[in-house]
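Generate the whole structure from the sequences, applying the supplied hints.
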Amino acid sequence: AHPPAVLVVAHGALFRALRSAMGLDPYVRTRNAVPFWCEPGADGAAWDLRPAVEGMAMTMANP
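Residues in the sequence shown are numbered from 655 upward in steps of one, following our numbering.
I should point out that these hints are in silico values taken from the structure, not numbers from a laboratory.
None of these values were measured; they are calculated from a predicted model.
The beta-carbon is built from N, C-alpha and C at its ideal position, and this holds for glycine as well.
Just so you know, not all the hints are guaranteed correct.
[To be verified] Ranges between beta-carbon positions, derived for each pair: (1) Gly695 with Ala664: 18 to 24 angstroms; (2) Ala696 with His665: 27 to 33 angstroms; (3) Arg704 with Ala671: 25 to 31 angstroms; (4) Asp697 with Ala667: 28 to 34 angstroms; (5) Trp701 with Ala667: 26 to 32 angstroms; (6) Asp697 with Gly666: 28 to 34 angstroms; (7) Asn686 with Pro657: 14 to 20 angstroms; (8) Asp697 with His665: 29 to 35 angstroms.
Structure below.
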């Protein structure tokens, strides 16, 4: 079972800080108003970051 999803709405500068905390390159620019699905990596690896529609579909297929 997965813990419940959490919605974070953030300005680009805050999202860069989140990317850094997730072990990802903080200097990658993302378009405004694009939702992303973020999942922690296995055993402390960098997080997986992908468009939310794709991430939600994968999670629903693998409960």
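Structure-inconsistent hints, enumerated in ascending order: The structure breaks hints 3, 5 and 7; every other hint is satisfied.
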